[in-house]
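K.L.:
Residues per chain, in single letters:
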Amino acid sequence: MTSYRVSMDIGGTFTDIVTFNEATGEFRATKASTTPGQLSTGVLGGLESMIDDLAEIDFIVHGTTQGLNAFLERRGVRVLLLATDGVQDVYHIARGPRMRLYDAQYRKPEPLVERKDVVGIAGRFQYDGSELVPLDEAAVREAAERAKREGYGAVAVGYLFSYRNPSHELRTREILREVLGDDFTVSLSHEAAKEWREYERTSSAVIEAYTGPVVRSYLVDLEQKLTARGVEAPLHIMQSSGGVLTARSARERPLQTLLSGPVGGAIGGEALTKIVGNDNLIGVDMGGTSFDVSLVVNGVPDVSTEATLEGLPMLMSIVNIHTIGAGGGSVAWVEAGGLRVGPRSAGAQPGPACYGRGGTEPTVTDANFVLGRVDAENFAGGQMRLDRDAAVSALESVGAKLGFGVVEMAEGICNVANSQMAQAIRTITISRGIEPRDFSLVAFGGAGPMHAVFLAKELGIRETIVPRFPGAFSAWGMLQGDIRRDFTEPYYFLDEDIDTTDMSRVLRGVETEALASLESEGIPAADRSAEHAVDVRYLGQEYFLTVPLESADEPMAEHFLDDLGARFAKAYEARYGHSTLGAPIEIVTLRTRVVGRLESANAFLIAAAEGPEFAHEIRKVIFDGQELDTVVTERDALRAGHVFTGPAIVIEATATTVVPPGFSVAVDEHGTLIITNLELGSEA
Amino acid sequence: MTSTTATAPPVTVDPVTVDPVTVEILRNALTSAAEDMNATLIRSAYSMIIYEGGDCVVALLDKHHQVLGQSAGLPLFLGNIETCSKAVEEKYGRDVWRDDDVWILNDAYIGGTHLNDVTIFAPVFVDGVLVGFSATRAHWMDMGGKDVGASMDSTDIFQEGFRMGPVKLISQGVETDVVELIQTNTRFPYQTVGDMHAMIAALRMGSIRMQELVRKYGLDVIEAARDEIFRQTEELELERVREIPDGVYSAEGYLDNDGITLDVPIPIKLTVTVSGNQIEFDVTESADQTQGPVNCGVAQAISALRVGYKILVSPETNSNGGSFRPLTVKVREGSVLGAVAPAACQWYFSHLGMLIDMVSRALAPALPDRVAAASHGDSMIITSAGFDPRVGRNWVSMEATLGGWGAWEGADGESALINNVNGSLQDFPIEMVETKWPFRIREYSIRPDSGGAGRWRGGNGVIREYEFLADGVFGLWFERSTTPAWGLFGGDDAVGPEVVIDPGTPEEFRTLKVNARPAAKGTIIRLAVGGGGGYGNPEERDLEAVRYDVENGFVSAEQAQSDYGYTHDVPTS
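For the protein sequence lines, the chains are A and B, in the order given. Just so we're aligned: 592 in full-length UniProt numbering is position 592 of the first sequence, and the numbers increase by one with no gaps anywhere. Just so we're aligned: 462 in full-length UniProt numbering is position 462 of the second sequence, and the numbers increase by one with no gaps anywhere.
Some hints could be false.
Footprint (simulated), chain B over chain A, 3 or more residues, beta carbon under 8 angstroms [stated by the list, open to error]:
#1 60–74
#2 103–113
#3 187–199
#4 294–302
#5 424–434
#6 552–566
Hints listed in this document are in silico derivations from the structure and should not be mistaken for laboratory results. Small disclaimer: the values here were computed from a predicted structure and weren't measured. Backbone N, C-alpha and C define an ideal beta-carbon position, used for all residues, glycine too.
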């Protein structure tokens, strides 16, 4: 019997769907139009176009932007915020920084809750979690009645020191549920983010409360529709930290799914490490308006412990994605006689000049087109005719101001855009002590493969990888994910004050609880594992580095603190170029991650080449001002073992790979393009 | 009288030509190199004022000390970091620079700030040739002055701590005895040396990035690109200044006092002359330098005026050596804005924050859409120190307090923001404060009715109330009660600051400035910071906006009645 593993990644315009036929080993990818308003319609439509009988699905994973869109479009529910009495303005004060220093007309990020919707609740803990003032239960009950009476969609609770002592927040939820019912959304700050800093923690809880009901009703709706169509496999959701969750867990903790969509690429990178044999990858995803960089280091996606969304902070484990405003739609313009590219984008309307929708400013896409690097015949699957005259005249209009001809102008725009993207890669590698030359570059997204080889050249990176289905790479990556859950436990001590036996006991407690949570996700014991790490810094510092532990029992080992100090000093030296071995250290937070291994789809194999020849044509394409004879081929024409050298262009439905002179392309057995800088040689 | 211009030295035109693409690539590369240096400094610093407060700046300079790239950083560090390497050359000549040397300086009359602002900088060499400088400046918590952290009543520079330099911190790759001297003279050697190493790490990153660029493009190309980058910046600013109507504009304001003679306000006067594409700021009519610590060096006055200029002329771009060329600044030596040794300089920025707003006040008739009414105006500092029995260690704290900002055409001012000289400084989380220091924060709230009324309302300040949980001492530096944030075009002035100690008890007293005052366990200090000024006639305010303010508690019902003639219907539910 046929069975399928399926992933669905919803984007703004298209929903990518990837299916893996477990019987034949075949992967297929398709794009369905995203249906705003009723996303499940588009998702199901796309699925049904790929698989006749949805009952044949035995694994299904989903990257959803439902929560993110609700946030960005400010379509979340009305939230009532309960906060510690006397300091309940913390959320609106928002710590008070001015992020644009020379703007006397600066405004703070727009909060999600109005000030009149904040209720101060008496009850207070000291810094160590001991109770100073008991919880005012009557005030909580009154707030609950108000939420009911005035029709609030959710309640967020953010009390001081709840990360040390959650009892007031937990009791508050009990009371709220008594009045509002068990299905009412209550987001507690210590559950949204078990870390100190009350504003950031409260903000996390508010974002969860604001978007949670929207995510929840979407998931319930989708699950019901899938069940109605005979899908028995539980729905899995991609989470912001990488890894997947069951939809049931996601409904309880919807914050974890907020950046579910964008992280897919990093997870794809993680899966790719197993195929290409390099554990260190830089993922570059270029679309119409933005350029995203993510890292896989030692086989694991690089994760941060906090992020901001339109200026509002969230404390949670999240795949680190560095984004700049550079994309195919970035506009080239002249200021004071100097060339600028972006950050403004022509967007979808009017779009690049070559779209012929009335755009008159030259964009990066126009430049690529005029240079011959875009296949005019098959652009967007042949659905759109590109207007060469419009592109040329847009380039001329800016080129004239700088004394450039059309070709010079076009290459200039690409070079400036490439240098900006290369800077973005430097920012998340070199400036953090990571050497990019030890990495391979992975290009995906619509425009990534068009620029990636140029970026690799600029950065001295030897190898660029273009995976199969670069346009649906995120969806493909999701199929390779494991269940993953992150737990934090605040544990703030100076090294000389640490009771290592207690530290071990706490870690083991978290591990037991965390592994048990995997059982409820349906993971058999043999496939569960836990790993631990600790956030460490020098005494007096604020920022920390996360240092891995060998096990929950390691703290009881002899010389543990010395070992930890040395491990930390080594990591610090690598990151900042200096360290103070033996200086007092503080530990701040214990981190536990549990992984439930899921059976992943076997790697896809393509047919081997029968000879060195493959179907291609020769076209004129411009590189470095020279019109060169260039190999132009369809991706589907390539077989495992084919090798050729640039200049070359590889065309497929969702992406175009551009290979300048000086690079060779090899096709591996998975259909991956491995592009090597000939000057830097092949791997020894 | 000294006339000081902020104009850079004329650049010799380089014969190498460079294409616009390379120029733009280098412009981006230099800015991003500076921002990456800054990230390194902030993330590896040991002091809260750097890692939470961002009280620091980094820059890459060319070999003529002109800024190639600078992090956004603290606004008041704008345009004077380059004075440090220049000072070395003036003293020792150009041959003094050696590879693997690092220099340090905190002299207030050279750097222009207070002794706590320490600049560490290094020459950058490629193949034995000096190509430029990497520089970083950050606030150090304690420079060994007469009081822990900072004094509110110092009367000369010697009471404020030790003064360095410029001297070598690292010679040929080896730390010099200066490090030992620093450790001996600060009350917090461990933290201070940690911050020092973070600054050196940032420098190193800057040097490496600059060396990479020089190796890749060649020095002649970089210098030609530099000239073009500066030319573009200059041209943009000349265009913007030309748009300002010609004329003579002026503004004045008063500091409450110098911290010593509490009943004598300190006048600050600014005259702005706009003529074609040139603009002149003249502050020579301001007060003579004072006995108390509200003085600053000329370099710092120039920085503040550059900030005021930048807000109106070029807010969106990072500064470089081509910035500020249309601007001339006149400062009088011996005035509070051009102090000479041994003037006390600890609170060098209180008049500077006001001066920044005064530029907007002066030019309001010319640029009504671009200006904003005044902000609360100063850092509103509380310091404390003592022995923390919970951990058996000494503590020292310094915090700035947030206030309201001015309204402008089209919008209300923002509430609870840091003041203009402190950039992206954030308040310290209550959970961090109570964990690290023996305090309880009893109240932290937005202070209603503190913003000035207007068609567009000024933002509100905050209230922050502390209880001491151990015996200690505290200091206060609160300003701007004599000239609270002013309104514009008929908008009202804001309410100023107010501090009450032990409110509602027989010991209650009010003050705005106090130095090292003992505080027994249980002492309560209630800080109330002022709001921002209003913009336009309050009678023209949309009553729907007033209703929103009353419902959300930004304006009380009584104040809404008296300012706007608005009566709030209480819902009868």
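K.L.:
Indicate, hint by hint, whether the structure satisfies it.
P.N.:
Status of the hints after comparison with the structure:
no., hint, verdict
1, 60–74, "violated (count 0)"
2, 103–113, "holds (count 6)"
3, 187–199, "holds (count 4)"
4, 294–302, "violated (count 0)"
5, 424–434, "holds (count 4)"
6, 552–566, "violated (count 0)"
Against the hints set out earlier in the document, violations occur for numbers 1, 4 and 6.
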